[in-house]
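Put together the whole structure using the sequences plus the hints.
Number of protein chains: 6
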Amino acid sequence: MPIVTIQQFPRPLEQKRELARRITQAFAEVYGAEEASVQVFFSEVDGEDWAKGGVMGCDRKPE
Amino acid sequence: MPIVTIQQFPRPLEQKRELARRITQAFAEVYGAEEASVQVFFSEVDGEDWAKGGVMGCDRKPE
Amino acid sequence: MPIVTIQQFPRPLEQKRELARRITQAFAEVYGAEEASVQVFFSEVDGEDWAKGGVMGCDRKPE
Amino acid sequence: MPIVTIQQFPRPLEQKRELARRITQAFAEVYGAEEASVQVFFSEVDGEDWAKGGVMGCDRKPE
Amino acid sequence: MPIVTIQQFPRPLEQKRELARRITQAFAEVYGAEEASVQVFFSEVDGEDWAKGGVMGCDRKPE
Amino acid sequence: MPIVTIQQFPRPLEQKRELARRITQAFAEVYGAEEASVQVFFSEVDGEDWAKGGVMGCDRKPE
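For the protein sequence lines, the chains are A, B, C, D, E and F, in the order given.
Position 2 of the first sequence, counting from 1, maps to 2 under UniProt numbering, and the rest follow consecutively.
Position 43 of the second sequence, counting from 1, maps to 43 under UniProt numbering, and the rest follow consecutively.
Position 49 of the third sequence, counting from 1, maps to 49 under UniProt numbering, and the rest follow consecutively.
Position 2 of the fourth sequence, counting from 1, maps to 2 under UniProt numbering, and the rest follow consecutively.
Position 25 of the fifth sequence, counting from 1, maps to 25 under UniProt numbering, and the rest follow consecutively.
Position 38 of the sixth sequence, counting from 1, maps to 38 under UniProt numbering, and the rest follow consecutively.
Honestly, I wouldn't trust all of these hints.
Some, not all, of what chain E presents toward chain A, calculated at C-beta under 8 Å [what the hints assert, rightly or not]: (1) M1; (2) Q39; (3) V55.
List time: in silico EDC-like cross-link candidates among lysine to aspartate or glutamate, alpha-carbon distance up to 16 Å [what the hints assert, rightly or not]: (4) C:K52 <-> F:E48; (5) C:K52 <-> F:E34; (6) B:K52 <-> D:E18; (7) E:K52 <-> C:E48; (8) E:K52 <-> C:E35.
Don't read these hints as lab results, they were simulated from the structure.
Remember, it's a predicted structure, so these values are computed and weren't measured experimentally.
For each residue, glycine too, the CB sits at the ideal point set by N, CA and C.
Structure follows, in structure tokens:
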């Protein structure tokens, strides 16, 4: 703990690496949490598995 | 918000599209929510990643 | 399966009852799923446990 | 209900089968739950979708 | 990792304690995982936040 | 999207506010995401609903 689960569109590893680094750092600085206790999970969905406003992502332009 | 996450067996896009449309409409009609605020995530698992009654889906007949 | 988890602001029971009924019906009609196999979980958060655009819900007007 | 979701590294089917069997049995014995009511979902991530201590799994040795 | 999230009706601490112990032991024995790496989260819902077959738990008898 | 769900021990509002702000900023800077598209959910558990290494949080010292 803390466990962070991120639902997002697929992203390159390089971006996920940097994001996980910053989120972990935020927990350490704001909560005083040990960095080793922070786990981040990326749960990627594409436009065929996500809808907004009742419209599938693959039928609209990604945000 | 609201965020809807659906754990299910894989389904064709056409069915997910229709389901997302109806769920979103239900939020709009029952809650008075703005359609654009409703997001639906499909998290599909196959029979090798799901068990019921202690038996893997791939070892039984799907519901 | 399917399992539906809804992250939302608190709502009256009456609205959740109607929403669960409609969502379940949608699975039955669109997927041909047995109604008894559909479970819906409401995970309610208030404005002190949710942020959008980096602003806590309690610091802005709810959607 | 109960619904069990497991976030883990990929594992062979044989291990997941045995784990699901034991977890289901634990619910039956400890809670007195009907085995048929227990569902287990395996949500597998690889080292490119998980970080601990701000370091991606693919950049460190798996636990 | 592994992270186990259990959606269930409220249960006494004593039962959750025993269940967490057994689940953790199962991971250790079946996966060869270190016990310290296993985290279990109980997410309890009552009958006003859960429906099965389109019927809220509070409107039916709990399983 | 992206949707961020954080499982953690209870924290004061002030800390959650600051954490949400930083996480949202990280998505904007690293992904180029619109801040308004980032939602953060805090799912707080106490020591009676969480175990590590098979030991409930209330039976050990919190991390």
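For each hint, the structure was consulted:
The beta carbon of M1 of chain E is positioned within 8 Å of a beta carbon in chain A (closest approach about 7 Å), and the interface hint is therefore held. Residue-level restraint check for Q39 of chain E holds (minimum Cβ-Cβ distance to chain A is 7 Å; threshold 8 Å). Against a cut-off of 8 Å between C-beta atoms, the interface hint on V55 of chain E is violated, since the closest Cβ of chain A lies about 25 Å away. Proposed proximity of K52 of chain C and E48 of chain F is contradicted: the alpha carbons are some 29 Å apart, above 16 Å.
About 11 Å separates the Cα atoms of K52 of chain C and E34 of chain F, which keeps this hinted pair within 16 Å; it holds. Using a Cα cut-off of 16 Å, the hinted pair K52 of chain B and E18 of chain D holds, with the two alpha carbons roughly 13 Å apart. Our distance criterion of 16 Å between C-alpha atoms is broken by K52 of chain E and E48 of chain C, whose separation comes to about 29 Å. Among the hinted pairs, K52 of chain E with E35 of chain C is consistent with the structure: their alpha-carbon atoms are about 8 Å apart, no more than 16 Å.
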